[in-house]
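Chemist: Sequence:
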Amino acid sequence: MKEEELPLMMRGMPPMNLVDLPSFVQAPESNPAYLAMQLTQYSNLDKADWVFGNSFEELEGQVVKNVWELWPGKLIGPMIPSAYLDQRIEDDKGYGASLWKPLSSECAKWLETKSSQSVIYVSFGSMVSLTEEQMEEMAWGLKGSNLDFIWVVRESEITKLPSEFIDLTTSGKGLIVTWCNQLEMLAHEAIGCFVTHCGWNSTLEGLGLGVPMVGVPKWADQLTNAKFIEEIWGVGVRAKGDEKGIVRREELMGRLKEVMGGERSVEIRKNACKWKELAKEAISEGGSSDKSIDEFVEHLKCGNEK
Numbered sequence: 070m071k072e073e074e075l076p077l078m079m080r081g082m083p084p085m086n087l088v089d090l091p092s093f094v095q096a097p098e099s100n101p102a103y104l105a106m107q108l109t110q111y112s113n114l115d116k117a118d119w120v121f122g123n124s125f126e127e128l129e130g131q132v133v134k135n136v137w138e139l140w141p142g143k144l145i146g147p148m149i150p151s152a153y154l155d156q157r158i159e160d161d162k163g164y165g166a167s168l169w170k171p172l173s174s175e176c177a178k179w180l181e182t183k184s185s186q187s188v189i190y191v192s193f194g195s196m197v198s199l200t201e202e203q204m205e206e207m208a209w210g211l212k213g214s215n216l217d218f219i220w221v222v223r224e225s226e227i228t229k230l231p232s233e234f235i236d237l238t239t240s241g242k243g244l245i246v247t248w249c250n251q252l253e254m255l256a257h258e259a260i261g262c263f264v265t266h267c268g269w270n271s272t273l274e275g276l277g278l279g280v281p282m283v284g285v286p287k288w289a290d291q292l293t294n295a296k297f298i299e300e301i302w303g304v305g306v307r308a309k310g311d312e313k314g315i316v317r318r319e320e321l322m323g324r325l326k327e328v329m330g331g332e333r334s335v336e337i338r339k340n341a342c343k344w345k346e347l348a349k350e351a352i353s354e355g356g357s358s359d360k361s362i363d364e365f366v367e368h369l370k371c372g373n374e375k
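Counting in the numbering used here, the final residue of the sequence shown is number 375, and the numbers go up one at a time with none missing.
Hints were generated in silico from the structure; no laboratory data involved.
Errors might be hidden in some of the hints.
To be verified - In silico PhoX-like cross-links for lysine-lysine, where the CA-CA straight-line distance does not exceed 20 Å:
| hint | residue 1 | residue 2 |
| --- | --- | --- |
| 1 | K326 | K339 |
| 2 | K229 | K212 |
| 3 | K116 | K143 |
| 4 | K360 | K349 |
| 5 | K309 | K326 |
| 6 | K313 | K229 |
| 7 | K183 | K326 |
| 8 | K326 | K242 |
| 9 | K326 | K313 |
| 10 | K345 | K162 |
| 11 | K309 | K212 |
| 12 | K143 | K349 |
| 13 | K143 | K370 |
| 14 | K349 | K339 |
| 15 | K360 | K143 |
| 16 | K212 | K183 |
| 17 | K162 | K349 |
| 18 | K116 | K178 |
| 19 | K212 | K326 |
| 20 | K360 | K134 |
| 21 | K360 | K345 |
| 22 | K242 | K212 |
| 23 | K183 | K242 |
Whole structure, please, built from the sequences with the hints as guidance.
Modeler: Written as structure tokens, this is what we have:
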């Protein structure tokens with residue numbers, strides 16, 4: 070992508086600058102295997118009778134409108150377990166019965182000591198691996214914010230944390246865990262902000278549970294999702310990296326304070342609540358996604374009757 074071609078203008082999309090584009094579009098040569106996988110995934114769409122998208126009309130209706138002119142698609146999301154949205158299926162708590170686990174007693178007890186919307190939840194998903202330098206900046210940024218936080222750090226990443234920082238978490242201001250039930254965490258009343266890599270599942274979960282976000286995107290579609298989180302949906306802010314792509318501690322502290330108590334925090338929280346309700350309405354009986362699923366079921370019934 071050449072600078073003179075920017076901002077990129079596409080129907081139904083806001084103007085996209087280089088930093089807003091997926092990494093495999095910005096620089097296809099940076100990860101040819103991932104680009105090839107993406108192209109392969111979409112290569113058979115012309116043969117499909119139905120294409121389902123994990124989103125909802127109210128959120129991305131304009132964006133996908135032009136896509137559906139090419140393929141017979143329907144939005145049926147957000148595909149978040151019912152217990153956290155419309156509660157039509159009370160036992161639907163996880164993405165698979167064997168995968169669902171409640172919050173650990175350690176997390177639950179720690180959160181019970183915190184006031185409403187006072188805790189920062191930090192998680193970068195199962196695939197993003199931060200450099201040691203980035204981990205250190207995140208650590209001291211969290212400490213410098215003087216806000217309570219819970220940070221999910223995979224066991225393989227723990228050694229990247231400064232030893233002095235780990236010692237500081239014993240003060241009660243922070244908690245480091247190697248795993249937690251993200252939906253249970255986001256649904257907890259103590260959580261006031263979600264520091265996320267902006268993967269699509271995490272983005273939808275943050276939207277669906279009404280939690281303001283600080284985006285720290287690294288690659289793929291995370292960069293585009295971060296733009297929408299901040300500029301289009303207004304539910305958070307994006308932490309900017311320096312010339313090395315590192316989000317420095319001062320930048321993180323500034324963005325956290327902006328979401329947790331700055332001038333924009335009231336509007337951000339208001340928008341987060343709005344999208345939470347719209348997500349719930351979409352999958353509730355008679356909602357846009359519910360109707361799309363009903364249409365598919367009726368199509369199957371008609372096909373079986375022939």
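Chemist: Each hint should be assessed against the structure and marked as holding or not.
Modeler: Structure-based check of all given hints:
no. : hint        : result
1   : K326 x K339 : holds, 17 Å
2   : K229 x K212 : holds, 16 Å
3   : K116 x K143 : holds, 16 Å
4   : K360 x K349 : holds, 13 Å
5   : K309 x K326 : holds, 15 Å
6   : K313 x K229 : holds, 18 Å
7   : K183 x K326 : holds, 18 Å
8   : K326 x K242 : holds, 16 Å
9   : K326 x K313 : violated, 24 Å
10  : K345 x K162 : holds, 17 Å
11  : K309 x K212 : holds, 19 Å
12  : K143 x K349 : holds, 17 Å
13  : K143 x K370 : holds, 18 Å
14  : K349 x K339 : holds, 16 Å
15  : K360 x K143 : holds, 10 Å
16  : K212 x K183 : holds, 17 Å
17  : K162 x K349 : holds, 15 Å
18  : K116 x K178 : violated, 52 Å
19  : K212 x K326 : holds, 12 Å
20  : K360 x K134 : holds, 17 Å
21  : K360 x K345 : holds, 19 Å
22  : K242 x K212 : holds, 8 Å
23  : K183 x K242 : holds, 10 Å
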